[in-house]
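Numbering-wise, the sequence shown is residues 1 to 444 according to the UniProt record's numbering.
Quick caveat, the hints were computed from the structure, so don't treat them as lab data. Since this is a predicted model, take the numbers as computed values, not measurements. There are no misleading hints in this set.
Derived BS3-like pairs: lysine-lysine, alpha-carbon spacing no greater than 27 angstroms straight-line:
(1) K372 / K402
(2) K125 / K408
(3) K372 / K125
(4) K402 / K223
(5) K372 / K408
(6) K125 / K402
Pair ranges (Cβ atoms, derived):
(7) A236 / E331: 28 to 38 angstroms
(8) L93 / E331: 32 to 42 angstroms
(9) P262 / S173: 18 to 28 angstroms
(10) A272 / I144: 42 to 52 angstroms
By construction, the Cβ of each residue, glycine as well, lies at the ideal position given by its N, Cα and C atoms.
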Amino acid sequence: MVVLFSAAVFAGAVVATSEAEVFGGSGLAFSPVLAPQEIVARRARMGIRGTRRRRFFILRDSVIRNDARRCGLGCGRLSLPGIRSTPGIGVNLKTRSVLEGIGPYNPPRLREEISVDYGSEEYVKLTMNELSFGPLPEARAAIIETLSRAGRYPDRDATPLREAIAHAHPGISVGNIVVGNGSSETLVDLMQILDRPGEVVIPWPSFPFYVSSARVVGLDAKKVPLDDHHRADLDAMLAAVTRETRAVILCNPNNPSGTYLPLSEVRRFADALPEDVLLILDEAYYEFVDDPLYSGSHDLVLESDNVVSTRTFSKVHGLAGFRVGYALAPERLADLVWRVHVPFSVNQAGQAAATASLGQPGAIAERSRQMKRERERVQDAFETAGLEYVPSHTNFVMVGAKPQLFEKTGVLVREGEALGYPVGWSRVTIGGPEENDRLLGALA
1 MVVLFSAAVF AGAVVATSEA EVFGGSGLAF SPVLAPQEIV ARRARMGIRG TRRRRFFILR
61 DSVIRNDARR CGLGCGRLSL PGIRSTPGIG VNLKTRSVLE GIGPYNPPRL REEISVDYGS
121 EEYVKLTMNE LSFGPLPEAR AAIIETLSRA GRYPDRDATP LREAIAHAHP GISVGNIVVG
181 NGSSETLVDL MQILDRPGEV VIPWPSFPFY VSSARVVGLD AKKVPLDDHH RADLDAMLAA
241 VTRETRAVIL CNPNNPSGTY LPLSEVRRFA DALPEDVLLI LDEAYYEFVD DPLYSGSHDL
301 VLESDNVVST RTFSKVHGLA GFRVGYALAP ERLADLVWRV HVPFSVNQAG QAAATASLGQ
361 PGAIAERSRQ MKRERERVQD AFETAGLEYV PSHTNFVMVG AKPQLFEKTG VLVREGEALG
421 YPVGWSRVTI GGPEENDRLL GALA
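Kindly produce the complete structure, drawing on both the sequences and the hints.
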């Protein structure tokens, strides 16, 4: 019963009788969750008898029917908005109809598919914005050291890792940090705490996962086109905010354009947002930007009640295969995220590797410099070849060339149309020198 009910709470199947929880004094509204003590008290008032299973379903039906109606949702006995019976997967199984409009993650073309087209099985993969270096030696050693403890669950709170993150960001405390199975998980957690129904405003093209992560929890995604310089149009995004807006997501630097917004512009935008709108700053690529006008947003997080930054160890740290990310948030927000977070989601090896990698800031900075030199070489080659491209501040470049141009020489790149760009564009990950030699061989 406890497991079933907990899962229902996480999924939003139980709705509180009180108004949506208000964050601090800002009016930021979150998805209401029925407190455990209220469940117990209500069950006692109802005088429920019978088996534990019967008690659970009687209580659940009463909560859904009565409380959801009070919230104006119009729920029936076993229904919630967006939930319907789906033929073919169960006699009376109720599933969410919104999922019918959400496809699975759209991966790049498979090696097997391309080998049929071009007859080669030796390919360089430059599709996923991974760093060719892999983990640092210190991170590799930390991974090996965890093998003797592989039979034990990882630290649920990831305390050593959170302490290392706090040490790397002056002013940030452990209470400001939530870790997750990649920054994508922390983004999903943030979507779950927002009140529904509502909408999320995003620039476009940007990371497609923003759309699906919003829609899967019942929020609409409102796309605002980038400006003529392939940057987020902050004025247009601010104009798109309505009373229904629950959050705004800014990818800075932006994926897939590779452009960035100066901290001064982000701060101006944050100050102009209504206090009940959450600003999520996805800074997965922030370590690659060396422009003095750019800065990570952790100071802004400390100054605001409604700003969160998400970051990852998948890029410059070379730990994509271990899936470790984190969010920097005001403590009250971080506490709410922990309530919906899946426990033990970051494995021991990932926690240890990320902690060790944070202890080597000089090596990480040198990696970024090496990548920048290779990026400039690739962009110069695009320029010489007469190809249109978007000058990048990340470890990838958007270029006006079809993926097939590079596939013929055994290089896999990301098709632009899957990322919101027109047909005929590609996103090219900056690899190591040999990988980039192979890439540029297509231009000869």
